[in-house]
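K.L.:
The chain contents come next:
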Amino acid sequence: MKRLWVLFPIWVFVLAPAVADERLEATVRQYREALKDASPGELFVAMGEELFRTPRGPKNASLEACDFGLGPGVVKGAYAQLPRYFADTDRVEDLESRLMSCMRQLQGFSEDAFPHHARSDPRMPDFERLAVYVAAQSNGMKLAAPLAHPKEVEAYRIGERLFYRRAGAYDFSCATCHMQQGKRIRLQHLAQLTNPGEAQGVFPTWPAYRVAPGAVHTLQDWLAICYWAARHPQLRYGSEASIALQVFLAQSANGGVIAVPGVKR
Amino acid sequence: MKRAALAIAIALLALPAPAPGQDALAERTEAAFIASFAGGEPSVLIRTGLQDEVQRLCSEHRNAPPAGLAQLIEGAQRAAIRYPAKLMGDWREGERIAADFTGLRYDDKAGQPNGGNCYACHQIAREELAYGTVGPSLLGYGKARGWGVAAQRLAYERIYNSQAFTACSAMPRFGHNGVLTPEQIAHLVALLLDPGSSTNR
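If you're matching them up, the sequences are chains A and B in order.
Using our numbering, the letters of the first sequence correspond one by one to residues 63 to 327.
Using our numbering, the letters of the second sequence correspond one by one to residues 44 to 244.
No lab work stands behind these hints, which were simulated from the structure alone.
Heads up, some of the hints might be wrong.
[Said to hold, decoys possible] Subject to a maximum C-alpha distance of 30 Å in a straight line, what follows is the list of computed DSS-like cross-link-like pairs (lysine-lysine):
{"no.": "1", "chain 1": "A", "residue 1": "Lys-138", "chain 2": "A", "residue 2": "Lys-326"}
{"no.": "2", "chain 1": "A", "residue 1": "Lys-138", "chain 2": "A", "residue 2": "Lys-213"}
{"no.": "3", "chain 1": "A", "residue 1": "Lys-326", "chain 2": "B", "residue 2": "Lys-152"}
{"no.": "4", "chain 1": "A", "residue 1": "Lys-121", "chain 2": "A", "residue 2": "Lys-204"}
{"no.": "5", "chain 1": "B", "residue 1": "Lys-129", "chain 2": "B", "residue 2": "Lys-186"}
{"no.": "6", "chain 1": "B", "residue 1": "Lys-186", "chain 2": "A", "residue 2": "Lys-245"}
[Stated by the list, open to error] Beyond 10 Å from chain B on every Cβ pair, some chain A residues (computed):
{"no.": "7", "residue": "Ala-88"}
{"no.": "8", "residue": "Gln-92"}
{"no.": "9", "residue": "Pro-120"}
{"no.": "10", "residue": "Pro-134"}
{"no.": "11", "residue": "Lys-138"}
{"no.": "12", "residue": "Gln-143"}
{"no.": "13", "residue": "Phe-148"}
{"no.": "14", "residue": "Gly-170"}
{"no.": "15", "residue": "Leu-209"}
{"no.": "16", "residue": "Ile-220"}
{"no.": "17", "residue": "Ala-229"}
{"no.": "18", "residue": "Gly-230"}
{"no.": "19", "residue": "Ala-231"}
{"no.": "20", "residue": "Cys-239"}
{"no.": "21", "residue": "Gly-259"}
{"no.": "22", "residue": "Val-273"}
[Claimed, not checked] Covered, in the sense of this in silico footprint (three residues per stretch, anywhere, with C-beta under 8 Å from a C-beta of chain B), are these stretches of chain A:
{"no.": "23", "segment": "103-116"}
{"no.": "24", "segment": "317-327"}
Remember, predicted model here, so these are calculated numbers, not experimental data.
We put the CB at the ideal spot given by N, CA and C, even for glycine.
Pulled out of the complex, with its shape left as it was, chain B reads as follows (with noise of 0.2 Å):
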């Protein structure tokens, strides 16, 4: 694994270097986009101010990689997902979850738990009708996707990082991210794939 993802690494310094013109308009805009946004959570400020290298390269290309780097995207971003010791928690504790727009803006409290807000762009419980549609529905999920490990392992890695599936998804890469741990994407993965949960019953 490590030598795949070593092997991924030197593969993504090896592209070729963007036009120079662009080069300029690039300096610029990270220059203008520093220059423009101050205060609040100091680490609001750098985590925007500094982009990782998935992010550089999906903004880069609109979202849209050629195919060969998508598949390096999501070959270093499969091999930096970690496991919970158990992959399903408490169903109930995921609705919490996702109904919890809360965290990570600048006037966010630091330290306290953040919310996935789930509900934002999925519908998930049947109850619940104040759902976006940005992402597919889960409505369902466990019933129309199947019950066992691997579902309950597919629907974790999904979470934790959607990029290792779809090299610049809308998603954010939760786990990937530290939005959630990986003991609250647990609980997500209970209410997807709990056939008692809010989703399935």
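Just chain A, same shape as in the assembly (with noise of 0.2 Å):
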């Protein structure tokens, strides 16, 4: 582990930024290959489950007895079987959801203590640590998000309807990028996410460890940082549209391969 520390100074790119663009694709490229047993990603893993494992809140608790849909205490392939809908809160809660809905049952935390926007926010990276760790124990496993309850199936629905909601200054739908094959935005690729081949490919590697920021980061990040650059507003942490999209989008990509922390640019 402690070798992990000496790749960590990632290069910091302070060029123009489309020349910046074209090196950090490449570089991501060799990343990704140099890292494939060592990812820095797999620090925050770590971080993460002496997170999950440590009591904290009011209630001074550990997490080790939250239910992620297979019972308490199982976090092995749980991620796998996520968004899906839950009796105790009832709702469907995606990965990050379900870790506030814990520590709020389990540690007592209140309203205060979450992060209030998708966005990653430095100041508050218990959730990106405590989502990679969860996640990660279901590495080498196919994505089977369930789409049986009736609060699962509206779900789906609304995050359909939402994935061709056009709205805003630019008429922008996550459609209007995310549904032709084989194009790109500057020089960044953008997945055609309603294919399977294409959806199973990106989906399961979130969350992801991101090379220019040199942090883990969340599906929930993910899709708020398309929205901002969607010219829509703050996508609010744990939301209902949040989960509802990952619902839509799990059934893309379901038989995927769960492959966390991912490398991405």
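If you follow the hints, you should be able to join the two separate chains into one complex; please do so.
P.N.:
Structural data, given as structure tokens:
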């Protein structure tokens, strides 16, 4: 584990955006190759595990009894069947909203302990670390998000409508950029997320280690950045739209092998 | 022109309403959307929370409206185009606007001129290699499409409101939505149609 610190000061790019874009793409490709077995993201998994097992919050409890859908305390394989319906909260939850539910129920945290917005907040890194730890316990398994409970079906339909919902100054929806094959924005490849072949390769690689900021970012953050670039407002952390979109995308990505943390630019 | 616009407006109102199940789902989705965003520049919240009629129809039809509806959208969008005093501005200014990707995000300062973000989707100047491919290449636009006033007018209208030509086009309605001013769009027209510009020389 100590060796990983050597890799840590990631190259910071202070170049013209266009050149930086191009070099960053190439760098990330090389980086992925070089780090196949020892991604700096692993460090965040380790930090997440420690956090997960540490008693915290007003109730001074750890998250070890958290039920991610396979029973209290079962983390192995849990991420492979998320998002899903939970009877105790009577709603569909993704990994991050489930973590918040457990932090409320088991540890006694209140709303002000949670980030308001889905964009990763460097001042509140606990959420990314916890998420990447739990997700990594499903590595190598195929994503099999359920679509059985009526609330899961409803979330899927809402997510589908949101995917095609055009709005704002740019008239953009998710579909504007993520419906066509082999396209890119500047030099950034765009995944055709309605195509299982592409969604399977992208969706189960989040949470991911992002090279430029040098930190782990979650699915919630990924959606929030997309909305920001598409001239939409700030996505709320764990909001209904953020979960419904994941339910919709997960159906397209089901069958993809979970491999987190992925390495992204 | 006014009568035509009125006829289109009436026709749009007379379109059949969606099925009841769809209606409830649409309402649930809108409620979920509005509850899921907060903070930042208030105008961004308002503009995305409230879709305009064209955005709503294109969402409903997943950007493939039936032919009759497509004609109505195109007609209504065309009738709303406004023009600058001069169609051809300064291509150098156009190049700057094309490369500028800022403006109208929730953390952008309001009241500044917005960029056009053209390179996100289009190839334009030969020397700019970091271009996107969501839209067609515009390299050598004038050489390929001719130089006259008609070409200038067409380029202006396409940038001002791409949906005046193709209903539910993926391209933002830069003029119609107030992303760019008519004068800024004229600079972009010059970028495409000045024989000495970075895309034509």
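K.L.:
A separate judgement is required for each hint: does it hold in the structure or not?
P.N.:
Each hint, compared with the structure:
The suggested pairing of Lys-138(A) with Lys-326(A) holds, with an alpha-carbon distance near 24 Å, which does not exceed 30 Å. Between Lys-138(A) and Lys-213(A), the direct Cα distance comes to roughly 24 Å. Compliance with the 30 Å bound is thereby established for this hinted pair. As the CA atoms of Lys-326(A) and Lys-152(B) are separated by approximately 29 Å, the hinted pair is consistent with the 30 Å bound. The suggested pairing of Lys-121(A) with Lys-204(A) is violated, with an alpha-carbon distance near 35 Å, which exceeds 30 Å.
A C-alpha spacing of about 21 Å is found between Lys-129(B) and Lys-186(B), which places the hinted pair at or below 30 Å, so the restraint holds. With a CA separation close to 25 Å, the supplied pair Lys-186(B) and Lys-245(A) stays within the 30 Å bound. With a least beta-carbon separation of about 12 Å from chain B, Ala-88(A) lies farther than 10 Å from that chain, consistent with its non-interface assignment. Under the 10 Å C-beta cut-off, the non-interface status given to Gln-92(A) relative to chain B holds; the minimum distance is some 19 Å.
Annotated as non-interface, Pro-120(A) keeps its C-beta farther than 10 Å from every C-beta of chain B; the closest such distance is 26 Å. The beta carbon of Pro-134(A) is kept farther than 10 Å from every beta carbon of chain B, the shortest such distance being approximately 29 Å. No beta-carbon of chain B comes within 10 Å of the beta-carbon of Lys-138(A); the shortest separation is about 31 Å. Every beta carbon of chain B lies more than 10 Å from that of Gln-143(A), the smallest distance being close to 23 Å; the non-interface claim holds.
Every C-beta of chain B lies more than 10 Å from that of Phe-148(A), the closest at about 18 Å, which supports listing it as non-interface. Every CB of chain B lies more than 10 Å from the CB of Gly-170(A), the least distance being 25 Å, so the non-interface label holds. At the 10 Å boundary, the C-beta of Leu-209(A) stays outside the reach of chain B, the nearest C-beta of that chain being 16 Å off. The Cβ of Ile-220(A) does not lie farther than 10 Å from every Cβ of chain B; its closest approach is about 5 Å, which violates its non-interface assignment.
The Cβ of Ala-229(A) sits about 4 Å from the closest Cβ of chain B, inside the 10 Å cut-off, so the non-interface label is violated. At the 10 Å boundary, the C-beta of Gly-230(A) falls inside the reach of chain B, the nearest C-beta of that chain being 4 Å off. The beta carbon of Ala-231(A) is not kept farther than 10 Å from every beta carbon of chain B, the shortest such distance being approximately 4 Å. Against the 10 Å criterion, Cys-239(A) falls within the reach of chain B, whose nearest CB is about 7 Å from its own CB.
With 10 Å as the threshold on Cβ separation, the claim that Gly-259(A) sits away from chain B holds: the shortest Cβ distance comes to roughly 19 Å. Every C-beta of chain B lies more than 10 Å from that of Val-273(A), the closest at about 18 Å, which supports listing it as non-interface. Counting residues of the segment 103-116 of chain A whose C-beta sits closer than 8 Å to any C-beta of chain B gives 0, which falls short of three, so the coverage hint is violated. Residues of the segment 317-327 of chain A with a Cβ under 8 Å from some Cβ of chain B number 0, which does not satisfy the need for three, so the listed coverage is violated.
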